[in-house]
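One letter stands for each residue in the lines below.
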Amino acid sequence: MNAVPTAAGMGLLSCEVCRLVSRAPAPGGDAHCPRCGATLHARKPASLARTWSFLIAAMLLYVPANTLPIMDTSSLFGTQRDTIVSGVAFLWTSGSFVLAALVFFASVMVPLAKMIALAVLAGSVQVRSVRNRRTRTRLFRLVEFIGRWSMLDIYVVTILVALVQVNTLATIHAGPGAAAFGAVVVLTMFAAASFDPRLIWDMQEEGERP
Amino acid sequence: METPPAAFVACLECDLLHRRTPLPPGGEARCKRCGARLYRAAPADANERALALALTACILFIVANAYPIVGLDVQGVRNSATLFGAVESLWDDEARAVAVLVFVTTILVPAAELIGLTWVLLALRQGERGYGAVPLLHFIESVKPWAMVEVFVLGVLVSLVKLAHIAIIEPGVALFSFGGLMLFIAAASAAFDPDAAWSQLEATQ
Numbered sequence: 126m127n128a129v130p131t132a133a134g135m136g137l138l139s140c141e142v143c144r145l146v147s148r149a150p151a152p153g154g155d156a157h158c159p160r161c162g163a164t165l166h167a168r169k170p171a172s173l174a175r176t177w178s179f180l181i182a183a184m185l186l187y188v189p190a191n192t193l194p195i196m197d198t199s200s201l202f203g204t205q206r207d208t209i210v211s212g213v214a215f216l217w218t219s220g221s222f223v224l225a226a227l228v229f230f231a232s233v234m235v236p237l238a239k240m241i242a243l244a245v246l247a248g249s250v251q252v253r254s255v256r257n258r259r260t261r262t263r264l265f266r267l268v269e270f271i272g273r274w275s276m277l278d279i280y281v282v283t284i285l286v287a288l289v290q291v292n293t294l295a296t297i298h299a300g301p302g303a304a305a306f307g308a309v310v311v312l313t314m315f316a317a318a319s320f321d322p323r324l325i326w327d328m329q330e331e332g333e334r335p
Numbered sequence: 003m004e005t006p007p008a009a010f011v012a013c014l015e016c017d018l019l020h021r022r023t024p025l026p027p028g029g030e031a032r033c034k035r036c037g038a039r040l041y042r043a044a045p046a047d048a049n050e051r052a053l054a055l056a057l058t059a060c061i062l063f064i065v066a067n068a069y070p071i072v073g074l075d076v077q078g079v080r081n082s083a084t085l086f087g088a089v090e091s092l093w094d095d096e097a098r099a100v101a102v103l104v105f106v107t108t109i110l111v112p113a114a115e116l117i118g119l120t121w122v123l124l125a126l127r128q129g130e131r132g133y134g135a136v137p138l139l140h141f142i143e144s145v146k147p148w149a150m151v152e153v154f155v156l157g158v159l160v161s162l163v164k165l166a167h168i169a170i171i172e173p174g175v176a177l178f179s180f181g182g183l184m185l186f187i188a189a190a191s192a193a194f195d196p197d198a199a200w201s202q203l204e205a206t207q
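Quick note, the sequences are listed as chains X and V, same order.
Counting from 126, one number per residue, gives the positions in the first sequence under our numbering.
Counting from 3, one number per residue, gives the positions in the second sequence under our numbering.
Bear in mind the hints are in silico, worked out from the structure with no lab data behind them.
Check the hints yourself; a few may be wrong.
Subject to a maximum C-alpha distance of 16 Å in a straight line, what follows is the list of computed EDC-like cross-link-like pairs (lysine to aspartate or glutamate) [claimed, not checked]:
hint : chain 1 : residue 1 : chain 2 : residue 2
1    : V       : Lys-146   : X       : Asp-327
2    : X       : Lys-169   : X       : Asp-327
3    : X       : Lys-169   : X       : Asp-155
4    : V       : Lys-146   : X       : Asp-155
5    : X       : Lys-169   : X       : Glu-141
Every value quoted in this text rests on a predicted model; they were computed, and no experiment measured them.
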C-alpha cells in the first residue's frame with residue numbers, strides 16, 4: 126500500500142490561519158505563508174511537551190479549585206462558604222434540578238472529562254497507538270468545542286458579587302477557589318490548543334512504511 | 003508535481019491532502035479520512051451578510067455594556083450592575099485574576115473581534131486592502147476561542163435563578179442586548195467566508 130498523500134508527506138505546508146497550501150522551503154529557514162504571512166510548521170511545535178505541561182498544571186490546580194470556596198456569603202446569620210460542588214448541591218436542594226444538572230455538567234463533568242480526554246489523546250500519541258484514530262480525532266474536536274462552557278461558574282460568581290453588596294442584607298465575596306478554577310479552564314484551553322491532532326494520524330503512516 | 007500547491011487543501015486535523023473541487027451551492031467539503039470540515043461553498047454575498055450582522059452586533063455590544071444587566075430589589079433597597087461594574091466589584095474584592103479573566107473574555111476579546119471583523123469587511127467591500135487587514139484577520143482567528151459571550155449569558159441566567167430565592171429580580175436592558183449579541187456574533191461568524199476574504203486580500207495586494 127502506498128503512503129497516504131498528506132501535505133507533510135508531499136513536502137507541502139498548509140497554513141493554519143488562511144489554509145493556503147504552499148511548498149515547504151529548504152530546511153533551516155523559517156517558513157512563512159506566501160498569502161497571509163503566518164509562520165508555517167508541518168506540525169505544531171513541541172506539541173506533546175506543551176500539552177502535557179499545561180495539562181499537569183491544570184490537574185494540580187484542579188484540587189484547590191474544588192476544595193477552596195469560590196464564594197463567601199456573609200449575612201446577619203453568619204458566613205457561608207460555597208465550593209463548586211456545594212453550589213450545585215444548593216441548587217439541587219432548592220428545587221432547581223435542571224439548573225443543578227447544568228452547572229454540575231459545566232463545572233464538574235466538563236473540566237474533569239476534558240483533562241482525562243487530553244491525557245488519553247496525548248498518551249495515545251506518546252505510545253504511538255494506531256487504533257481508533259477517527260474516534261480520537263472526534264474526541265479532540267469535542268474537547269475544543271466544549272471546554273469554554275466551564276467558565277459558567279466564574280460568570281455566576283461575577284454577577285453575584287456585583288449585585289449582593291453591603292446594602293442588601295448579605296454580602297457575597299469571591300473566594301480563592303474562583304481564581305484556581307479560572308486557571309484550570311484557561312490552562313486546559315491552552316493544553317487543547319497546543320495539541321496537534323495530525324500527530325494521531327502520523328503514527329499510522331510510519332507504521333505503513335515497510 | 004505540476005498542479006500548483008494552492009489547488010490543494012490539507013485537512014487541519016489529519017493533514018490529508020485533497021484537491022479543491024467546485025461545490026454545489028450551500029455544499030461543504032469534508033475530509034474523507036477523518037471527517038473534519040475542509041471548506042464550504044459560501045453564497046456570493048456571504049461577506050455582505052456577515053458585515054450587516056457584525057454591524058448589528060457592534061450596536062448591541064454598545065447597548066449591552068452601557069446599561070445594567072440586572073437589578074436587585076431587597077426590601078426596597080435597589081442594586082444594579084453593568085458588566086464593567088461587575089468586573090470592578092471583583093477587582094475591588096481582591097479577586098483581580100478573576101476580574102481580568104472576565105474582562106478579557108466578555109469585553110476585550112468580543113470587542114476586538116467585532117471591530118476587527120467589521121473593519122476588514124468594510125475595507126473589502128470598498129474593494130480596498132484596508133489598513134492592517136491581514137494582521138487583523140490573523141488576530142480574529144487566534145482570539146476567537148476566548149470570546150465567551152454565550153457562556154456569560156448562561157452564567158447570568160444561572161445567577162438570576164440563584165438570586166430569585168432572596169430578592170426581586172429586575173432584568174435590565176443589557177440582559178436582552180447580551181442575548182441578542184450572542185446570536186448576532188454567532189450569525190456573523192457563521193456567515194463570514196474567510197476563503198473569499200483571503201483571496202480578495204491576495205488579489206488587491
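We went through each hint and held it up to the structure:
no.	hint	in the structure
1	Lys-146(V) with Asp-327(X)	27 Å, violated
2	Lys-169(X) with Asp-327(X)	13 Å, holds
3	Lys-169(X) with Asp-155(X)	14 Å, holds
4	Lys-146(V) with Asp-155(X)	26 Å, violated
5	Lys-169(X) with Glu-141(X)	10 Å, holds
The structure does not agree with the numbered hints 1 and 4 stated previously, though it agrees with the rest.
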